[in-house]
Amino acid sequence: MTELTLVQAINRGLGEAMRADPDVLVLGEDVGINGGVFRATEGLFKEFGGDRVIDTPLSETGIVGAAIGMALYGLKPIAEIQFLDFIYPAFDQIVSELAKFRFRSGGQYPCHVVIRSPYGGGIKGGLYHSQSSEAYFAHTAGLKVVIPSTPADAKGLLTTAIHDPDPVLFLEPKRIYRAVTGEVPEGENRVPFGEARVARAGDDLTIFAYGAMMPPSLTAAETLAAEGKSVEVIDLRTLVPLDERAVVASVEKTGRAVIVHEAPRFCGFGAELAAILAEKAFFSLKSPVQRVTGYDTPFPYALENLYLPNAERIVHAARASLSAG
Amino acid sequence: MTELTLVQAINRGLGEAMRADPDVLVLGEDVGINGGVFRATEGLFKEFGGDRVIDTPLSETGIVGAAIGMALYGLKPIAEIQFLDFIYPAFDQIVSELAKFRFRSGGQYPCHVVIRSPYGGGIKGGLYHSQSSEAYFAHTAGLKVVIPSTPADAKGLLTTAIHDPDPVLFLEPKRIYRAVTGEVPEGENRVPFGEARVARAGDDLTIFAYGAMMPPSLTAAETLAAEGKSVEVIDLRTLVPLDERAVVASVEKTGRAVIVHEAPRFCGFGAELAAILAEKAFFSLKSPVQRVTGYDTPFPYALENLYLPNAERIVHAARASLSAG
Amino acid sequence: MADAGTVGAPTETVPGEDLSTADLTKMYRAMALARVMDERCLTLQRQGRIGFYVPLQGQEAAQVACAWALDTEDWIFPAYRELAIALVRGVPIKLLFDQFIGNSGDVLKGRQMPNHYGYREFRFVTASSPVGTQISHAVGAAMAARWKGEAIVTASFFGDGTTSSNDFHAGLNFAGVFKAPTIFFCQNNQWAISLPRERQTRSETLAAKAVAYGIAGVVVDGTDVHGVYRAVKDARARAIAGEGPTLIEAQVYRLGPHSTSDDPRRYRTDAELAAWKAKDPLARLKHELLASGAWAEEDDTALWDGLKKEVATALAAAEETSPVDPMTLFDDVLAERPPNLEEQRTEFAAMLKDGVLRP
Amino acid sequence: MADAGTVGAPTETVPGEDLSTADLTKMYRAMALARVMDERCLTLQRQGRIGFYVPLQGQEAAQVACAWALDTEDWIFPAYRELAIALVRGVPIKLLFDQFIGNSGDVLKGRQMPNHYGYREFRFVTASSPVGTQISHAVGAAMAARWKGEAIVTASFFGDGTTSSNDFHAGLNFAGVFKAPTIFFCQNNQWAISLPRERQTRSETLAAKAVAYGIAGVVVDGTDVHGVYRAVKDARARAIAGEGPTLIEAQVYRLGPHSTSDDPRRYRTDAELAAWKAKDPLARLKHELLASGAWAEEDDTALWDGLKKEVATALAAAEETSPVDPMTLFDDVLAERPPNLEEQRTEFAAMLKDGVLRP
Ligand SMILES: Cc1ncc(C[n+]2csc(CCOP(=O)(O)OP(=O)(O)O)c2C)c(N)n1
Ligand SMILES: Cc1ncc(C[n+]2csc(CCOP(=O)(O)OP(=O)(O)O)c2C)c(N)n1
Ligand SMILES: [Mg+2]
Ligand SMILES: [Mg+2]
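Chains as they are written, first to last, in my numbering: chain S, 2 to 326; chain E, 2 to 326; chain Z, 162 to 520; chain A, 162 to 520.
Calculated from the structure, these hints are not laboratory results. Careful: at least some of the hints might be erroneous.
Claimed, not checked - Using 16 Å as the maximum straight-line C-alpha spacing, the simulated EDC-like pairs for lysine to aspartate or glutamate come out as follows:
| hint | chain 1 | residue 1 | chain 2 | residue 2 |
| --- | --- | --- | --- | --- |
| 1 | Z | LYS309 | S | GLU196 |
| 2 | A | LYS340 | Z | GLU359 |
| 3 | E | LYS254 | E | ASP205 |
| 4 | Z | LYS309 | S | GLU17 |
| 5 | Z | LYS187 | Z | ASP460 |
| 6 | A | LYS309 | E | ASP24 |
| 7 | Z | LYS340 | A | GLU365 |
| 8 | A | LYS340 | E | ASP52 |
| 9 | A | LYS309 | E | ASP52 |
| 10 | S | LYS254 | S | ASP204 |
| 11 | A | LYS340 | Z | GLU365 |
| 12 | Z | LYS255 | Z | GLU471 |
| 13 | S | LYS287 | E | ASP52 |
As the list claims (entries may be wrong) - These stretches of chain A come out as covered by chain E in the derived footprint (C-beta under 8 Å, 3 or more residues):
| hint | region |
| --- | --- |
| 14 | 302-308 |
| 15 | 327-333 |
| 16 | 488-498 |
Keep in mind it's a predicted model, so treat the numbers as computed, not measured. For glycine and all other residues, C-beta sits at the position ideal for the given N, C-alpha and C.
Full structure from sequences and hints, please.
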C-alpha cells in the first residue's frame, strides 16, 4: 500500500498497464514530453518513448478515430481528451463508431478503447473547463462510463477499463486530483465494473453520488449524523453498467433518496436514478426523491462555488426528504 | 384550412416565413435544387434562389458553424441536418457554441438558429437513419427542443421557432412525414412553446408521448377505453421548455403514468419525466411509473418493428400500471 | 467461409509492373459480376424484396483495380459503395445477399441497412453511414500494424463529398504527421447526392488537398484499370517502405442514382450522363480484351450468362434463409449485457411469448 | 462605452499604401500597452488576484498591424490570445480587467475565464475555449454581411495548432465555395501548448493549406508590422471586391508560456527562446521609429511610464468594482427562463437568504 493522490494513482495505473502489456499505448494532446496538462502521463514518455506515448495534432476527431483504428487492429489504446469540455469534436466518432462497432458488425469488431478525461468543476475553469456531460455518454448504448472518487478506485477501475473488452469513458474528477489522497494497493488490483461502493452505511436516507461529489456527500452525512440521522452514502463508481440492485436495495432499506451530481439537473444522470426508484422502489419510497445538482445553465466562472452542490445544499435536501412523507 | 401531410406543412411553413422576412434563409445538404431528401424544401430553391436556399458542402460542422455566424450577424438561418443521425459532426458547434453564446457573452450575442432534422425510426433505416437523440439536446442548457406530431403543430411550431430569439432544435418525426395528414390553418399561425397538448382527456392514467409515438399512444388509449379505462394522452410538443405544470397536473388527476419514447430508455427523456413525477407528483402517484421505450441497444434494421414501441406494448404497460398500487 | 472463387485471386506482380492478360480477364470478370449484382439489386429493391440499395455502376474499374493492387493481408475500410472491392476480396455472393435481406445468414445479424456490410475474415471492416469516419480508423490501424511489425497497408474508401468531412481532415493530417502506411482512395464520382464536385470544394483537384498534409497526391482516370492499378501499387510500395501515405483521386462517374431513394433527374442532365456512359469502364476493358485477342464475343456472352445464373442461385439461397432471431437484438451491445439490458431482454422474451409482440 | 483613446484610430490609408510615421507611432503605443498589460496580468495571476491568464508576448506586431488594416466596421472573431486586437479596437482597459476579475463591471457577467471576452460594441465577438469554432462563424457572418449588402469583412484569429481543427477545414472550405468576404488570420507562434509546429502537420507552410480550398494563402513575417499590414489590406480589398477569402499565416513566436498553467521549460529549449527574443517585435518597431527620427529614447521612457500608470489606474478601478450579483447566474441561458430554471432560481434565492449558500 502507498499513499497517493488520485492523479498519481492514475499515473501508476497507466505505467503498470504499459509495462505489463506492449499493446497498451497512450495518445492525446500534450501527453508525451509535457506529461499531460494535469501530469497524469508524467514520466511515461521517457519510459516508453514517443511511439507508445503519442503526442497528437490538435484534433479530438483524429485522436478518437485513430484510437478506434488501433483497437480494431488489436491494440489497447488509451486516448486522453484534455478536458471533457473538448470531447465534442470527437462526439461523432464516439457515438456513431466506438459505441456501435461491436453491434453493427454482429460482434465481429469489438472496439476496446479507453477514453480518459478530466471532468467537472471546482478549478475556476468557467464554461469550458468544468463540464460534466456524463449523461450524454450514459445514454449512448455501447459505452461504459466509469467515474472514480478515491485513489484506490481510480487505479483499480482504470486497470479494469484497460483490460475490458468494451469502450470505456473514464472520467476523472479533476477537482479532487490532488485534494484527495488514499492508500492504493501495489500491483495489479482490478476493481470490478457494476458494483457500487457503500461509502457509509445508514438506515434513514440514501445519498447517491460519484466523483467529486463524494466528499461533500460524506460531509453532509456527518452533519446529519450529528442530528441523529443515519445516512447511507453510495458511490456509484460505474454509471454504465449501473449497479441497479444496490441502488434499489438501499432505498428499500432507507425509504428516502437524495441524488447528487454536478451536471445540470434537466435530463442529467440523476433523472435516470430517480426514474429507477420511481419504477422499482416505488412502494418503499417514503418521500419525494430529491436531486441536488448543478443548475440548468452553462457552467459559470465567478459564481462556480454557488453553482456546485456543496454539503450544505445536500443537508438541506436531506432534511426536506426526512421531514416529508 | 387545408389538408396537408406533416412534411407539406413544414414546407409551407418554410415558404411563408421566407416570403415574409428576407432575413430568413435555409442551408444544408441537398436542400436546394434537389428539394431535400425528404422534399421538405421542395420548390424553395426555385422561388428564392441559391443565395437563400443554400446547398452546402458535406459538412455538418460547417452548416451549423456558418448558420451561427449568420445568426450573430442578424439573419435567421434555418439549417437542415439530413438525418438526426448525422448531427454529431456538428455537436461541438451545437453544445459549445450555439447553446452557450447568449450566456457566455452576458446576453450580448443571442443566437437564433433553427436546426431542422428528420429523426426517429420506422423507415427501415437501421442504425444510422433512425436515431432519436433528443435527450442529448434537452440536457444541454441553452437550447430549445421542439417535436411536432401533427401537421398543424408542425407548421405552427416551426413558425414560432423561426421567430424565437433562441436556438431551436426542431425534430421532425419522419416516420409520419406522410403517414399523418390534417387540417392546417392558412397564414401565420404560431403555436406557442411550453404548452403541452391534451390529445385525449382521461381520468385513470396518463400517457406522455411526442412525435411519432403519438399515433400508437392514441391507439392504445382507444383499446383501453374499450376496456372501460379512461386514459389521458398528452403530446409534450416542446421538450424544452417543458410544460411541467401540465405534466404534474395530469398525474395529480390520474395518479398513474406511462411514458413513451423511441429513444433508448437509459437516461432518455422519459427519465426526466419520471424524475419530475417522483419529485412533484409523488403523493398523487398510485403505482410505479412505467416507461415504454426503445431498448438500450443501437437501433436495429431487420428487427425495427420489434424495437419501436407500439400500441400493444403501451397497452401492456398501462394495464400493469392500472393493476398495481 | 465458402470459396472466394467467383473472382479469383490476383496474379502476383511487382510494383509498377503491368497487368497480365490473365489478370485483366479475371478483373473483367469481377467487374461484370459487380455489374450483374448491381442490376439485380436495383430490381430487387423495386420489387420490394430488399429495402434499399446503393449502386456502384461506373466505379467498377476503379474498385477492382485498386483491390487488385492490394495484398489480401491489407485492411479495407470501405464506405457503402464498395461492392466490387468486397467481391475481389472473395466475399461470397450469398453472404452479401444475406446482408441485403438482413436474414439469419447475415454476419451482421440483420442489424444494418443494405450495403453496410463487413467481414473480418476478409479484412473488410464493417461500414457505417456517417461519411468519412472510416478514414481515421484506417490511419490508426496502419499505425497499429506498423507498431506490431506487420508489413501491411490499410486503405480507406470514400467519395468526393467526403473530402469535406471532419475525418478527412483529421485522418490525412494524422497520417502525414505519423507517416502512417495507408492509402486514401477517393472515388470522385462527380456528385455527392445532388451536389456537383465543383460546388463541394474550390480545390482544383481533390488530390491537390494532399499538399495541405505534406503527403503524396495523385489523380488517375478511374475508368482505366491500368492507371488505377499502377497508382495503388506505387502507393502501397511507398507506404510499406516507410515513405508515408498517398491520396489517390480516381475520377469516375456515378452512372446510377445515389441510392434507390434518389432521383438524379432532379439535378443533372441527360447529356452529362450520356457523355460518361460512353466511357463505361466495362465497355472499355472489354474492348481492350477483345483487341488483345484473348477474349471473344462468345466468351463474353458465356461470362454474363454464367454470372447471372450464379447470382440467381445465390439470391435464391439467401431468400430461403430464415429470418434473424429476434432475441439477437440484445447481443453485442457490450461483451456482456448490463442489468438494464438483461431485464429488457427478459421482458421482450415474455412479450413475444404472450403475443404482445409479434415478429 | 468609454473612450477608445488609449490607442487611437488608424490613420486612413489605401490598399497597399505604406504606413505613415504617425500610424507607426500609434501602433507602437498599442503594442506597448499590450505588453504592459500582459506583464501586469502575469503578476496578478502569480499574486492570486486573477485566476488565470493567457499571454500574447511576441505576437503584438502581428495583432496590431492586422487590426490596423481592418475597418472598424469589420467583425473580429478572436481566439483567447487577441489582447492587442481588442486594444486597437478601443476596448477600455478597465473593461478588460473587469473581465479578468469577473466582477459586476464585466460585460460577460463574470461567466468566463480571463481572456475569453467579447464586446458587441466593438464588433469583437465573445470568445470560447474550444479551438477553431470561431472560424466557421466568421464565414457565416461574412456571407450574411454580403447578403445584407454591407461592404465589410470578417476576420477569424487562431493559432498553428488550430489548423488541425474540424472548423478550420469546414470554415475554409465553405469560404472557398461561397467566396465569403473573410480573412483567416493564423498566428503561427510555433507551438500548440507543447506540440511544435512541425509535429502539428507535415504541410510545408500553414498558408499552403489554402490550396486545398482553392483560396489565396500568404506567409508573412509576423514581427514586421509593414508586411502584416499590407497582407491584410490586400486580403481585405480582395474580399470586398468579391475575389474571395485569404489565409494569412503570420509567423511569430509565443515568448511566454501557453498560459499561466503551463511551464514551457518542460518542452522547449532556452536557445530557441533566446533566438526569438532577439526578434522581439517591440524592439524591432522601436528601433525603426528611433531610426526615423520621429521617436527618441525620452519619448519611449515617457510612453512606458505613462502606460504603466494608465494600466495601474484601470486595474485599481476594476479591483474596487463590486462582485457580480449571484442572481445573474440564471440570466441569459435563454431569452426567458423556462419553468425548471425559474424554480431553481427561486430555490437559490431562498438558500442565499437562509444562509444555506454563502456568496
Ligand atoms: C455525416 C453525414 N452527413 C450526411 C450524410 C448523408 N449522405 C449520405 S451519402 C452522401 C453523399 C456522399 O457523397 P460522396 O462522398 O461523394 O460519396 P458517393 O455517395 O458519391 O459515393 C450524403 C450527404 C451522411 N451519410 N453522413
Ligand atoms: C477542441 C479543443 N481541444 C483542446 C483544447 C486545449 N487547448 C487549448 S489551447 C491549445 C493549443 C492551441 O494551439 P494554437 O492553435 O497554436 O494556439 P496558441 O495557443 O498557440 O495561440 C489546446 C490544445 C481546446 N481549447 N480546444
Ligand atoms: Mg460522390
Ligand atoms: Mg500556437
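Hints and how they fare:
Under the criterion of a C-alpha separation no larger than 16 Å, the hint pairing Z:LYS309 with S:GLU196 is inconsistent with the structure, at around 35 Å. With a C-alpha separation of about 13 Å, the suggested pairing of A:LYS340 with Z:GLU359 holds against the 16 Å cut-off. The hinted pair formed by E:LYS254 and E:ASP205 meets the criterion: a straight-line CA distance of about 8 Å does not exceed 16 Å. Between the alpha carbons of Z:LYS309 and S:GLU17 the distance comes to roughly 20 Å, so the proposed pair goes past 16 Å and is violated.
The straight-line distance between the Cα atoms of Z:LYS187 and Z:ASP460 is roughly 12 Å, inside the 16 Å bound, and the hint therefore holds. Under the criterion of a C-alpha separation no larger than 16 Å, the hint pairing A:LYS309 with E:ASP24 is consistent with the structure, at around 8 Å. The straight-line distance between the Cα atoms of Z:LYS340 and A:GLU365 is roughly 15 Å, inside the 16 Å bound, and the hint therefore holds. Taking the CA atoms of A:LYS340 and E:ASP52, the gap is near 12 Å; set against the 16 Å cutoff, the hint holds.
Restraint check for A:LYS309 and E:ASP52: the C-alpha separation of about 11 Å stays at or below 16 Å, so the hint holds. Between S:LYS254 and S:ASP204 the alpha-carbon distance is near 6 Å, which keeps this suggested pair within the 16 Å criterion. With a CA separation close to 15 Å, the supplied pair A:LYS340 and Z:GLU365 stays within the 16 Å bound. The suggested pairing of Z:LYS255 with Z:GLU471 holds, with an alpha-carbon distance near 10 Å, which does not exceed 16 Å.
This hinted pair does not check out: S:LYS287 and E:ASP52 have alpha carbons roughly 61 Å apart, beyond 16 Å. Counting residues of the region 302-308 of chain A whose CB lies closer than 8 Å to any CB of chain E gives 6, so the stated coverage by that chain holds, three being the minimum. Requiring three or more residues with a Cβ within less than 8 Å of a Cβ of chain E, the coverage given for the region 327-333 of chain A holds, as 5 such residues are present. Restraint check on the region 488-498 of chain A versus chain E: 5 residues with Cβ-Cβ distances below 8 Å, three needed, restraint holds.
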